[in-house]
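K.L.:
Sequence:
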Amino acid sequence: MSLWTEHRNPEGRTYWFNTQTRESVWEKPDDLKTPFEKALNQTKWKEYFSGGRKYYYNTETKESKWDMPDELLLLLEKVEKENKNAAQPNSAVVPAAAPVLSVGHAMALTWGSPVTSITSRLQLDGRRRRDNQLSGKQGSEESTLVK
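For the sequence shown, the UniProt record's numbering gives the first residue as 1, with consecutive numbering after it.
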């Protein structure tokens, strides 16, 4: 059982509460972070949400991107390979109660379907970037999560 519980303040900002120490924090505790989130902390990139959309911010260059930067895609691949080698799963299954991910007009991935880890993530991201370049769209609404 985790000592941390997740909550939202009246403005919708997420915070975590430690039931043992009664401490509240704005940043997700390390105990709750995924291996990728822990690795992300070691980079110059930070992951944020705006209007329900995820974006990436480079703390050194002050650059913002809607698409995951190549540096983070490589980091994600490395972390997932390490986890795969440690656990030896054949594929990951995404939770069934989540929404549908729409990637341009090329394909749709429904949560709950088997996904081959980073390979699918990289293929989906590459298709989204290609579709956006072909249509002349940057940060297109078509490449976001559908609620």
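Be careful, since some hints might not be right.
To be verified - Distance condition first, Cα-Cα at most 35 angstroms in a straight line; then the derived DSBU-like pairs of lysine-lysine: (1) K78 / K38; (2) K62 / K28; (3) K33 / K44; (4) K54 / K38; (5) K44 / K78; (6) K54 / K44; (7) K84 / K28; (8) K46 / K62; (9) K44 / K28; (10) K78 / K28; (11) K81 / K54; (12) K46 / K65; (13) K81 / K46; (14) K44 / K84; (15) K44 / K65; (16) K65 / K28; (17) K38 / K62; (18) K78 / K46; (19) K84 / K65; (20) K44 / K62; (21) K33 / K65; (22) K54 / K84; (23) K33 / K54; (24) K62 / K84; (25) K65 / K54.
Stated by the list, open to error - If you anchor each label on the Cβ, the simulated ranges turn out as follows: (26) S24 / K84: 21 to 29 angstroms; (27) K28 / E82: 25 to 33 angstroms; (28) P10 / D70: 22 to 30 angstroms.
Honestly, the hints are just simulated from the structure, not real lab data.
No residue lacks a Cβ here, since even glycine has one placed at the ideal position from N, Cα and C.
K.L.:
When you check the alpha-carbon spacing of K38 and K62, does it fall within 35 angstroms?
P.N.:
21 angstroms, holds
K.L.:
Can the restraint linking K44 and K65 be considered satisfied, given a maximum Cα separation of 35 angstroms?
P.N.:
13 angstroms, holds
K.L.:
What's the verdict on K44 and K78, does the C-alpha distance respect the 35 angstroms limit or exceed it?
P.N.:
Judged against 35 angstroms, a Cα distance of about 17 angstroms means the pair holds.
K.L.:
Please verify whether K33 and K44 have alpha carbons no more than 35 angstroms apart.
P.N.:
Between K33 and K44 the Cα gap is close to 17 angstroms, so the pair holds against 35 angstroms.
K.L.:
Determine whether the Cβ-Cβ distance between S24 and K84 falls within the hinted range of 21 to 29 angstroms.
P.N.:
Given a distance of about 35 angstroms, which is not inside 21 to 29 angstroms, the answer is violated.
K.L.:
Does K78 pair with K28 here, judged by a C-alpha cut-off of 35 angstroms?
P.N.:
Given that 35 angstroms is the threshold and the Cα spacing comes to 22 angstroms, the pair holds.
K.L.:
Has the given pair, K65 with K28, been kept, meaning a C-alpha gap of at most 35 angstroms?
P.N.:
22 angstroms, holds
K.L.:
Tell me if the straight-line CA distance from K78 to K38 falls inside 35 angstroms.
P.N.:
Holds, at roughly 13 angstroms.
K.L.:
Keeping to a limit of 35 angstroms between CA atoms, is the pair of K44 and K62 held or broken?
P.N.:
10 angstroms, holds
K.L.:
Checking one constraint from the list: CA of K81 to CA of K46, max 35 angstroms. Satisfied?
P.N.:
Holds: K81 and K46 sit about 22 angstroms apart, inside 35 angstroms.
K.L.:
Can the restraint linking K62 and K84 be considered satisfied, given a maximum Cα separation of 35 angstroms?
P.N.:
With Cα atoms ~33 angstroms apart, K62 and K84 stay inside 35 angstroms; holds.
K.L.:
Measuring from beta carbon to beta carbon, are K28 and E82 in 25 to 33 angstroms?
P.N.:
Given range 25 to 33 angstroms: violated, Cβ gap about 20 angstroms.
In terms of the numbered hints stated before, the structure departs from hints 26, 27, 28, listed from lowest to highest.
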